[in-house]
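J.: The primary structure of each chain is shown beneath.
Protein chains: 2
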Amino acid sequence: MPSRRYPLLPLASVLVVATGAAHADEGMWTFDNFPSELARQRYGVAIDSDWLEKVRLGTVRLSGCTASFVSPNGLILTNHHCVASCLAQNSTRESSLIDTGFISAGREQELDCPTQIADVLEKLENVTTKVQEATRGLAERDANERRRQTLTELEIACESTSRTSGNPLKCEAVTLYGGGQYWLYQYRRYDDVRLVFAPENGIAAFGGDPDNFQFPRWCLDFSLLRAYENGRPAATPHLSIDFDGPAPGDPVFVSGHPGSTDRQLTVAELKSLRDRELPPTLLRASELRGRYIQFAKTGEQADRIVQDALFGLENSLKVQRKQLDALLDDGLMAAKQQAESELRASVARNRALAAEIGDPWQRIEQALAVEAARRLPYEYLEGGVGFNSRLARYARTLVRAAAERPKPNAERLREYTDGFLPRIEQQLGAPVPIYPELERLTLSFSLERMREWLGPDAPIVQRMLTAETPDEVAARLVGGSRLADPAFRMQLWNGGQAAIDASTDPFIVLARSLDAEARELRKWHEDEVEAVVEAAHEQIARARFETLGTSVYPDATFTLRLNFGSVQGWNENGAPVAPFTRLGRMFERATGQPPFRVPASWEQAKASLDLSTPFNLSTNSDIVGGNSGSPLIAADGRIVGLLFDGNIHSISGAYWFDVEKNRAVAVHPAIIREALTKVYKTAPLIEELGLAD
Amino acid sequence: MPSRRYPLLPLASVLVVATGAAHADEGMWTFDNFPSELARQRYGVAIDSDWLEKVRLGTVRLSGCTASFVSPNGLILTNHHCVASCLAQNSTRESSLIDTGFISAGREQELDCPTQIADVLEKLENVTTKVQEATRGLAERDANERRRQTLTELEIACESTSRTSGNPLKCEAVTLYGGGQYWLYQYRRYDDVRLVFAPENGIAAFGGDPDNFQFPRWCLDFSLLRAYENGRPAATPHLSIDFDGPAPGDPVFVSGHPGSTDRQLTVAELKSLRDRELPPTLLRASELRGRYIQFAKTGEQADRIVQDALFGLENSLKVQRKQLDALLDDGLMAAKQQAESELRASVARNRALAAEIGDPWQRIEQALAVEAARRLPYEYLEGGVGFNSRLARYARTLVRAAAERPKPNAERLREYTDGFLPRIEQQLGAPVPIYPELERLTLSFSLERMREWLGPDAPIVQRMLTAETPDEVAARLVGGSRLADPAFRMQLWNGGQAAIDASTDPFIVLARSLDAEARELRKWHEDEVEAVVEAAHEQIARARFETLGTSVYPDATFTLRLNFGSVQGWNENGAPVAPFTRLGRMFERATGQPPFRVPASWEQAKASLDLSTPFNLSTNSDIVGGNSGSPLIAADGRIVGLLFDGNIHSISGAYWFDVEKNRAVAVHPAIIREALTKVYKTAPLIEELGLAD
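Top line first, the protein sequences correspond to chains A and B.
Position in the first sequence (from 1) plus 140 gives the number in the working numbering.
Position in the second sequence (from 1) plus 140 gives the number in the working numbering.
Please note that the accuracy of each hint is not assured.
For identical chains, the list gives no copy identity; a pair is met inside one copy or between any two copies.
[Claimed, not checked] Computed cross-link-like contacts, DSSO-like style, restricted to lysine-lysine with a CA-CA straight-line distance of at most 27 angstroms:
#, residue 1, residue 2
1, K411, K458
2, K263, K663
3, K270, K194
4, K411, K663
5, K801, K411
6, K462, K801
7, K801, K458
8, K194, K746
9, K547, K663
10, K821, K746
Hint data in this document are derived by calculation from the structure and do not stem from the laboratory.
Next comes chain A alone, as it looks inside the complex (with noise of 0.2 angstroms):
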């Protein structure tokens, strides 16, 4: 599922449904906003705020992923895909983690993630007063402009406070429903996280790409972590897991971090994303699947070491797919409109809202019109499409960190701000490995699509392409280059413009004079789009906070929200398609080839193991990508599952729910014991979750 991009739009707020408010078990709620009335009337279940604030606690966000705490000693239950990274990190040329898993013979052995951080919401505050006092009566563009200002304004004074309290917290504003309400969520953060335990991907993926977004399915796609707090174990709420797991209709609740759904977009951005976003990602995105692929038949190494950039293009490519399917549905395409129509009318009754904001959705549409013109030099220099190398990007982090740093903090692009300084230099210092052959690829692949995009006349694609080939331009730039030591870098960013200045590093030296180009398109961006659309969408969500009250949930910010559901199949062409999988038939789906050869571990331990046991299951909670590694809760607070998956009618779940069709797919916590006791029978984790005789 998607746990790693999302689309570059802005994002805004609400469903737009014709009804008013959301139906069946759809919703994304904040956790100050809970139905729990709505949740008590379908399902007789009790959601109190203390049941809502230990699940609070007890979810972790993960870089693009969710997760949760299950033991008091920092222990983190999420899914393997979401420590893919990790286990790339920690892997080499010879030898990958993510073929083989890992187990941690004990603490000591327990692998640093150097990548990953672990965040849990302590506390949420609502600013929308200070924030749309701060702009009221600006022009669009200064209006931007004082939001973003203020935002950073407000968290840096939040971790001020929250410094001289003793308890520091990382402060980060949130901005629901397009600009409707805007937050201060505040975490705890971990940074120091390693990794405990992961099956081999055989297991964990069994079934690969052409099951992915599938189910019936048999994954065991789990992984445990461990937050760390001055080099030990911290000590942490959590969540205890019931490894018999739920039955049929049983209410479940999903507590994480959905990433972004598009839910209220206008009819002019969802055809500016059907029309011209979409179709040419999801070209560039096949053919350079067709690289990779053809790149891995090249040997063992180079099978090994594109399997973590594949993985996750493949799970990109397959969700845009059935985005672009959902939009060129007329059917979707209708509703929207006649949503959006009636949201119109109910404007046009209100004389003095309709004096008021006019008619945001026409100056939305125009807006994406004026876009459109330089869309691509956008999406290929600012947006680095033209650049696809791991070295490019840290060069682009060099060189504009060397020039915001000196600023003050209200000044600076957000991005490098304060608070996400720390966060930016852990990445940079990070011993990753990075592969010449890998950076060559990728990068040559984007500067031949930037040529075939922009143009061989555009004046980028002249400076480039003249001299050189793209393969050229990529093996003087990689060869050259010493950015893949993490020292190295560190040496640039300690040493600020002059060492970016002095530097003859072809990777900055290119940063250096990309830089001015880009950045004009980013103002460019930000004042003739982002400007206006954000605008629209604040007075959107003004109509529509007029219209339906606050009985509705903002679009996915990966931030965290809870929904509840039940645990259930549905009918696939008028057959009906059962909620639990069972071990017994993963065996007899096995080929011996992947992605569906089940891992020896698993042979060998077959005879011990009880073939009925449940594997996965499928639930209509309402999630997306950035969920993965949510815990499924119970209603008595225990976890009854671990989300991974949606099927494959979940992805149209980005612009409406699809109350028929819509599933959420988990891991059973019965194979969870039944893989710890029998399979990998790791001692101290059977010990900590409580899985001991």
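For chain A, the structure is supplied; the task is to place chain B on it using the hints.
T.: Same frame as chain A, but now just chain B:
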């Protein structure tokens, strides 16, 4: 430009425009219905029947392209990209004629093009009444069956008559206006075609894929073939060349074989293309492009042997990408919707007609819904998308032919009726190089995508990919097959069903095992989809004739057409694009790196060249893939250009003619003269073309 691939969908008739008749210089007119009066009014030119006959007999149809006779000794002028297959067939791993070009030292050295044919349209006979009478009163499926049989019977009778008269012709049934008219087109066929001259690809396709479908342009995209009869150069009618070329604004005529347009498709058909056909086709092509490119990087030989396939793929990728863009244009869809509504309203007003034909638009929509349910297995099995390999296609042909040839002619699958057998035999017997590594690449790729799109549990996927990976299947089949040997293929062809039954060649075994299921899918598609759609289009054609008369032209069907227009540029974003380019600018644009590297022959000759020589030119001719190689003809009947491409806006010509921006792109005859006399100095050709001083 799209020269060799046409959409799978059945084609139909007549441009639908709100105003009724064709406007501006739009129109792909049949020779029997050329609007001479309109051309006279617009350009003051007199196009009489002698002119039409001379042009018709001077125009040649190649495999997927157009050409013209340019000497009385069978010399044929066409594009370089139209002889790419012949160049590839005469190349080896070690040396590629695509790279090096080819100059015949004399007639004895002219190279065999083993799968090329050249057809000249000698006669046209309207058989509409015969076909309509044969199917009158029959239900859709029976009518569809009977129509096919009737067309085959008419072809047989026609060929028999022509043989008896001592002037044997190839007779091909042609459906125009989507069933509004049926014709027998009768061709003189030359099946001994040889290569005389081709420049290096570096100058023929200067700018490569980045410049493809662009203008201004500098491509020497021409080559020369020769038709032979009884081992000697054929005596042929011909058109002479005006090497000075046309002036801006001069009227020009394009005679050629536009491959296919979809201008009269119903809105439901256009949406099916947009939503169901183009996106998956584009994703497949994009990934295959990535695989080809990455494969090419494994060595010089790999680079050489993949060239021809990659050129074709990138060309169709660009075409289909812009076709999807066109269909995603709400303006186009709204115009189509409006024209369709108007035609439907005019039917509703004509009660007798309405009672007779009912609602054919709705019947098409229903048939497409039926198609959607099994479209993927149909494409993958019967369409061969799941078995992308030349050896697999040979095997399919051999297996099918063995079963079909013993049947009475009219009962066979259309493509195995007598008229097609000599061409099949030529292709099976042709000694063309097959590269096993490329066969494995495409086959493995297509098997992998079949598993993705049909799903791992589809019966065909279970059968093919349970015990082996796609790579293993491909290696086993390609490694074990002898079908790359033309003698072995001819042995199976001549051995008939007994030889096929006895064969253990793994591709023959595979084709045998797939045949029943593939045929079942084809039967389903013919009966449930094509029969309904064809019958409905015949009725829509009737409605259109009653409304618009015959002042309209039929959709392109790779049959001979003539259009008129003039030499002109266009306005791009407010800036004028001039209609001529000149040689000097090519040298300025050369980077020394492919695809912008000028061949050594031109660098060496540079000092002797007139840099002001016109190179390429643009016209507003209404053309499409299949027109590649068409002569651009002046009012005096002389050739003044060689069409080879359209600009980027021309691709939407599949669906409508954009008067403002759709432009054709041609090679100027002056650059051909400059090339032959100063760069290649090919004395015999200089003489044969009348270029000697």
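J.: So, for every hint listed, does it hold in this structure?
T.: Hint by hint, here is what the structure shows:
{"no.": "1", "hint": "K411 <-> K458", "verdict": "both (20 angstroms within a copy, 22 angstroms between copies)"}
{"no.": "2", "hint": "K263 <-> K663", "verdict": "neither (33 angstroms within a copy, 65 angstroms between copies)"}
{"no.": "3", "hint": "K270 <-> K194", "verdict": "neither (30 angstroms within a copy, 82 angstroms between copies)"}
{"no.": "4", "hint": "K411 <-> K663", "verdict": "within (24 angstroms within a copy, 38 angstroms between copies)"}
{"no.": "5", "hint": "K801 <-> K411", "verdict": "both (24 angstroms within a copy, 24 angstroms between copies)"}
{"no.": "6", "hint": "K462 <-> K801", "verdict": "within (14 angstroms within a copy, 33 angstroms between copies)"}
{"no.": "7", "hint": "K801 <-> K458", "verdict": "within (17 angstroms within a copy, 36 angstroms between copies)"}
{"no.": "8", "hint": "K194 <-> K746", "verdict": "neither (38 angstroms within a copy, 80 angstroms between copies)"}
{"no.": "9", "hint": "K547 <-> K663", "verdict": "within (17 angstroms within a copy, 72 angstroms between copies)"}
{"no.": "10", "hint": "K821 <-> K746", "verdict": "within (14 angstroms within a copy, 77 angstroms between copies)"}
Hints 2, 3 and 8, counting from the list given before, are not met by this structure.
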